[in-house]
Amino acid sequence: MAGKTLVFLEHHEGAVQKGSLGVLAKAAQLGGEVHGVVAGAGVHALGEEAGRYGASTVWVADDERLAAPLPQPRVDVLASLVRAEGFDTVLFAQSVLAADVAAGLAARLDAGLNWDLVDLVEEGGALVGKRPALADSVLVDAGWTSQPRLALFRSGAFDAVETGGAAEVRDAAVELEDFSLRAEMVEQAHAEQQGPSIEDADVIVAGGRGLGEPAGFKLCEDLAQALGGAVAATRAVVDAGWYPYSAQVGQTGKTVSPKLYVAVGISGAIQHKVGMQGSGTIVAVNKDPNAPIFEFADLGVVGDLHQVLPKLTELVRARRS
Amino acid sequence: MKIAVCVKAVPDASGGRRIDPGTRRLDRSGEPALSDYDTHPVEEALKLKEAVGDGEVVVVSMGPARALDALRKALAMGADRAVLVSDEALEGADLLATAKAIAGALERESADLVLFGQQSADGDGACLWAAVAERLRQPAISQVSELTVDGGSVTGKRQTEFGYDTIRAPLPAVVAVADSINTPRYPSLKGIMGAKKKPQETLSAADVGGAGESRTSVLALNPPPARGEGRRIEDDGSAADQIVAFLAERRLI
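If you read the sequences in order, they're chains A and B.
With the first letter of the first sequence counted as 1, position 47 gets the number 47 in the numbering used here; the numbers rise by one all the way through.
With the first letter of the second sequence counted as 1, position 118 gets the number 118 in the numbering used here; the numbers rise by one all the way through.
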């Protein structure tokens, strides 16, 4: 039913992003013919990795002009490929880059794009996207009225599951429009980062105002390190300059759905809730018994985080060593 | 310099937003308000115009006729004109049909710079600019938190999943700004009084090249999956042990 599916494989520093591989695994599970596409410079080696996650063919667009992660030249590559190979479905994992590629491709191909999906299922012989809307108060069944169908999935919507296959790697044509090359990357500075990013992490430890001061994040960092996870923050503390914006979860930050989300000193306002309520398990530590976070936490701990967290970190470390 | 700012009138959040089960569209019967996210590109446009010393700021929108009330807030902030594409044929327009209508309105304006906010406040969409830039065949930069216009080019700094990008594009260009880029001004009393007298134009679908077809549809609305009842404990000194036991039970450690 999915027909012939193409998955956009985003990569960074020599590895395909976990989110893209998760979408690839989902496509493989839906069945039909599944291809991937990688666009960049010096990225031939990445093609083979995708075979292990369910792609039978990986198209590689390797060109110096694709070195910077800019969307418009990628729209050119994908549009040529979709037209030449007749893909019915094109899937993307949410990112700053992928959202722009998906919307540009939709306009180029006059194709429908459903975004912010958490699942894609076959219902009554048609593909249906599942999209939580209005602060996740309603789950919308989103459909397409024509092909190709384009879909953009929330971060962490699917697990990257290896299927053990091997992909045939083929070269994709690179013919770029003049206007696609007008925007240029002047500089790319990499953020200092240890451990996984919050989009990729299976475990997130998030801190809010209840930490008391910027130095309070040390408690979150220690626990995240012990759990092999990443640290996230609420808008309030990002606005206050306690933690970088790249770690912000919520309405104006990122939407994450890790297996485990530990909310530390976070009240759980709706603006934060919409960014993390898709998490598998939510554990909250807050001294305020009336904090809204307790209404949707799987385990709510009313207590002093300065007491609970160091001890928890110690216990996790002991268990892991 | 002529700057077009694309904005959206959204139902006032204070009334609570809902989807009409009959039409499966957002209920827009409430009071329309300018999306908070869109006050940031309006502010940025006004700052650029003030820095250059002359120019024009035009707000461009698509929506029901009463959306003009919301656009007046942008005029009260200091924008010079408002253009609203409003037509029954565009009701329920999806991303694709909206991009076509907005691009059609922008083609009539031939602005040097087109600005967008970072996302819609009601539909959570965050990619319309890319579809509009594609239709205009112009370069686009998204998620910009620092913007400079220098001679014939625009430079945007932004934060991505991996770090910090600095991207430059020649004008005309499309730029979507993050809400961290500035603090929008409040309209002055004089601005509010003067807003009604500023030019406000309503365009039909035919004026912008005809209504495009939507390629997506809302098939059904369902309640969100319920989370199971959570467990609650008060820390009596054993909370850390209980958390570890809970995580082990769920095979999370």
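Hints may be right or wrong, so weigh each one.
[Said to hold, decoys possible] Covered by chain B, per the in silico footprint, the following chain A stretches (three or more residues, Cβ under 8 Å):
#, segment
1, 43–57
2, 65–75
3, 125–135
4, 251–263
5, 313–319
[Claimed, not checked] Covered stretches of chain B (chain A as the covering partner; in silico rule of three or more C-beta atoms under 8 Å from a C-beta of chain A):
#, segment
6, 16–23
7, 92–99
[Claimed, not checked] In silico contact screen, one side only, chain B against chain A (beta carbon under 8 Å); selected entries:
#, residue
8, Glu107
9, Gln138
10, Thr155
11, Tyr164
12, Pro170
13, Ser188
14, Leu189
15, Lys190
16, Ile192
17, Met193
18, Gln200
19, Glu201
20, Asn222
21, Gly230
22, Ile253
Because the hints were derived from the structure by calculation, they are not lab data.
Just so it is clear, CB atoms sit at the ideal spot from N, CA and C, and this is done for glycine as well.
Practice task
May I ask you to test the interface hint for Ile253 (chain B) with respect to chain A, counting a Cβ-Cβ separation under 8 Å as satisfied?
Solution key: Hint holds; Ile253 (chain B) Cβ to chain A Cβ min 6 Å, cut 8 Å.
Practice task
With chain A as the partner, please determine if Glu107 (chain B) meets the hint condition of a C-beta pair closer than 8 Å.
Solution key: It is violated, given that the least Cβ distance between Glu107 (chain B) and chain A is near 14 Å, above 8 Å.
Handout entry: Interface restraint verdict for Met193 (chain B) against chain A (beta-carbon cut-off 8 Å)
Key = Cβ of Met193 (chain B) sits 32 Å from chain A, so the hint is violated.
Problem - chain A contact restraint for Lys190 (chain B) - C-beta distance below 8 Å - result: 30 Å, violated
Problem - Cβ contact check, 8 Å cutoff: the segment 313–319 of chain A against chain B, three residues minimum - result: Per the Cβ count (4), the hint holds.
Exercise for the section: Mind checking the CB of Tyr164 (chain B) against every CB in chain A and telling me if the closest is under 8 Å? Expected result: 4 Å, holds
Handout entry: chain A contact restraint on Gln138 (chain B) - CB to CB distance below 8 Å
Key = Hint holds; Gln138 (chain B) Cβ to chain A Cβ min 6 Å, cut 8 Å.
Practice task
Report holds or violated for chain A covering the segment 16–23 of chain B, Cβ cut-off 8 Å, minimum 3 residues.
Solution key: Result for this restraint: holds, n = 3.
Problem - Cβ contact check, 8 Å cutoff: the segment 125–135 of chain A against chain B, three residues minimum - result: With 4 residues in contact (Cβ-Cβ under 8 Å with chain B), the coverage given for the segment 125–135 of chain A holds.
Handout entry: Interface hint for Pro170 (chain B), Cβ within 8 Å of any Cβ on chain A
Key = Constraint on Pro170 (chain B) satisfied, holds at 6 Å.
Problem - Within 8 Å of chain B's CB atoms, at least three CB atoms from the segment 251–263 of chain A: coverage verdict - result: holds (count 3)
Practice task
Check, residue by residue, whether the segment 92–99 of chain B contains three or more positions whose beta-carbon lies closer than 8 Å to a beta-carbon of chain A, and give the verdict.
Solution key: With 4 residues closer than 8 Å to chain A, the segment 92–99 of chain B meets the three-residue bar; holds.
The structure fails hints 1, 8, 13, 14, 15, 16, 17, 18, 19 (numbered hints given earlier, in ascending order).
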